[in-house]
Structure formats: C-alpha cells, structure tokens
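Visitor: Okay, here's what each chain looks like letter by letter:
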Amino acid sequence: MSIMNKDLEVLDVTVSDLLKSTPSTVSFFISQHTSCVGCRLAHFCTLHDVIKTYELDEEKFLKELAKYMVQNKQ
Amino acid sequence: MNISSSDLKQVIVFQRATDEELQLILKNSIVRMVEENGFFFFQGDSANYLYVLVRGRAKLLQASPQGQQVSLRIIHPWQMFGALGAVRQEATYPATAQALEESSALAIESGFLRALVEKNPRISFDLMTLMTTYIQEMQARYRELATERVEQRVANALIRLAGQSGLKSSKEAGIELSFSRQDVAEMTGTTLYTISRLLSEWERQGYIETGRERITILKPHDLVRIAENLEK
Numbered sequence: 001m002s003i004m005n006k007d008l009e010v011l012d013v014t015v016s017d018l019l020k021s022t023p024s025t026v027s028f029f030i031s032q033h034t035s036c037v038g039c040r041l042a043h044f045c046t047l048h049d050v051i052k053t054y055e056l057d058e059e060k061f062l063k064e065l066a067k068y069m070v071q072n073k074q
Numbered sequence: 075m076n077i078s079s080s081d082l083k084q085v086i087v088f089q090r091a092t093d094e095e096l097q098l099i100l101k102n103s104i105v106r107m108v109e110e111n112g113f114f115f116f117q118g119d120s121a122n123y124l125y126v127l128v129r130g131r132a133k134l135l136q137a138s139p140q141g142q143q144v145s146l147r148i149i150h151p152w153q154m155f156g157a158l159g160a161v162r163q164e165a166t167y168p169a170t171a172q173a174l175e176e177s178s179a180l181a182i183e184s185g186f187l188r189a190l191v192e193k194n195p196r197i198s199f200d201l202m203t204l205m206t207t208y209i210q211e212m213q214a215r216y217r218e219l220a221t222e223r224v225e226q227r228v229a230n231a232l233i234r235l236a237g238q239s240g241l242k243s244s245k246e247a248g249i250e251l252s253f254s255r256q257d258v259a260e261m262t263g264t265t266l267y268t269i270s271r272l273l274s275e276w277e278r279q280g281y282i283e284t285g286r287e288r289i290t291i292l293k294p295h296d297l298v299r300i301a302e303n304l305e306k
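Chains as they are written, first to last, in the numbering used here: chain A, 1 to 74; chain B, 75 to 306.
Chain A on its own, in the form it takes in the complex:
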C-alpha cells in the first residue's frame, strides 16, 4: 500500500472511532485546539472533516497525529 493510500484511509476514519481505538489521541485533538473530544457528533465527522472545518494543514495534521499514535504503542 502506498503512503498516499494509507493517508486517504486514515482521513476517512471517524473521530469517535479513532478516540475509541487509540485513546491517546485525546491529547492530540486537544493539542490541535479542536472541540472533538466529548463532541456529541464525533461519530459523524471523519478526520478529513476536522481538517476542513478547522482549516488545518493536512500534512502537519497527519504528521502530528502519527506522533501520538507511536506514543500509544510504547
């Protein structure tokens, strides 16, 4: 799988799925200053929606997210 495909897939994950599967990403969303943690509509929004809503830089967002995913594995 190419990196690009992988990124696309990650962007399609909903916020609530990500928070459930990787609880450490709570800090990630807080660090991005989004209101995703605790949001009642989190299971409707994909990461792509988050990037669009908050007008974030996609590349930076994914890079930062990767750090939190790695942290979780340790």
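In short, the hints are calculated from the structure, not lab data.
Heads up, some of the hints might be wrong.
Straight-line C-alpha distance at most 35 Å; calculated DSBU-like pairs for lysine-lysine [claimed, not checked]:
1) B:Lys242 <-> B:Lys293
2) A:Lys63 <-> B:Lys242
3) A:Lys52 <-> B:Lys242
These numbers come from a predicted model, not from an experiment.
Take the given structure of chain A and dock chain B to it, following the hints.
Guide: Quick look at chain B alone, frame taken from chain A:
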C-alpha cells in the same frame, strides 16, 4: 466592623457625596451580619432599608407565583442593593437577598436616603447611573432569553436527534434527519414560526439544508458551536 466614610466612596451612588453626607449616612445606618444562606430581606417585604454589601457575597432571587426561582444578580462588596425604597415611598422589595457566604451589609434607612437624594442632585444622578446600568444589563439578558437561548435550544435538539437517529448522508459531513419543522418546534417548546425563521437563517448560512420532513446538517461543527456557545 468599622466602616469609614472613605470606604463608602467606593459605592457608585456615594462616589460624589460630601464627607458630611457620608458621615450622616453612617449615622443613619446599622451593620447587619448574615450567615451563609441567610437572608437580608424577602421579596414582598416593605423596603424600609437599602443595603450596601460590605463583606461576602449575596444573590438576588425572584420567585414566580409557581415557586420557580430565578437568580437576578450576584452582589459583591460595595454594591448597593434593595434601593427601591429610596425612590418610592411605599415600595416592597421585588426580590429576595440571600447571602452566599457569611456576609455583612450596611443597612441604610430608605427614608433617610430618599431625603438625601432630594437634596443632593449628584447623589440622585449617580443613583440614575446605577439604575440605567441595571436596565441595560436586563435588556441584554432579555435579548439572550428571547433569541440566543432559543438558538441554543434548537441546535441542541438537532444534535440530540442526530446522535439518536441521524444518518450519514452522501454529502460530505452531512447528517440526515427525518423530522419536520413542527416536530422540532414541539421538542424545543418554541413555535413553528420561530423554528422556521431560525432554520431559514441556518440554511442561508449553509449550516443545514431543509426539505419536506427532512433536515440535513451540512456543517455539524457550526451547530455544535451554537449549542455549546463555542467561539470557533
């Protein structure tokens, strides 16, 4: 507790009173101490005294005939409260004053201040300043109750509905709801007119799209922002 005339200068209504007047005020008043949850006066009592909080914190409550209570304002040290009697002779307190913590207040005879206000235009002017500030505050709160609160209520209802029965629509980030405007009006205790006006406004902003018995949330984040009073 010793209160000096310079302490009284911190009270908006007394900021331009002369030292003699301030001394007179002190002479015609007593300090009342009320323990936590105690009362300075009750709604409906004769407004024989007006108060200046010296220490602690108090709140003004108004009860509806059905017994529901509304908090009108919180009083901090050197704020005046219960001053209606200084303006109207036969006044009763429109609200109850309850101490939120152990508090002391200077109780000034309403009749005495009424006479002082008649003699000193500066004091009456500063009393008007205080009153107009209160009126403006109440106008802002009335506006919030009449408009912003409904907005929040409706946004909350849509979010609740989305969580319970919303379907992810084909449109990006869209959530489909199968409810009519009438349904939403009944759920939020508002009128169909209010709902229509609000939903049209949200549609114009691009937050939602409405159809027959159908509401699509296009920008979930904006609804959450309204519901939760978020800035961004």
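Visitor: Hints first: check each against the structure and report whether it holds.
Guide: Structure-based check of each hint:
For the hint linking B:Lys242 to B:Lys293, the alpha-carbon distance of about 12 Å falls within 35 Å, and the restraint holds. A C-alpha spacing of about 28 Å is found between A:Lys63 and B:Lys242, which places the hinted pair at or below 35 Å, so the restraint holds. Proposed proximity of A:Lys52 and B:Lys242 is supported: the alpha carbons are some 17 Å apart, at most 35 Å.
Violated hints: none; the structure is consistent with every hint.
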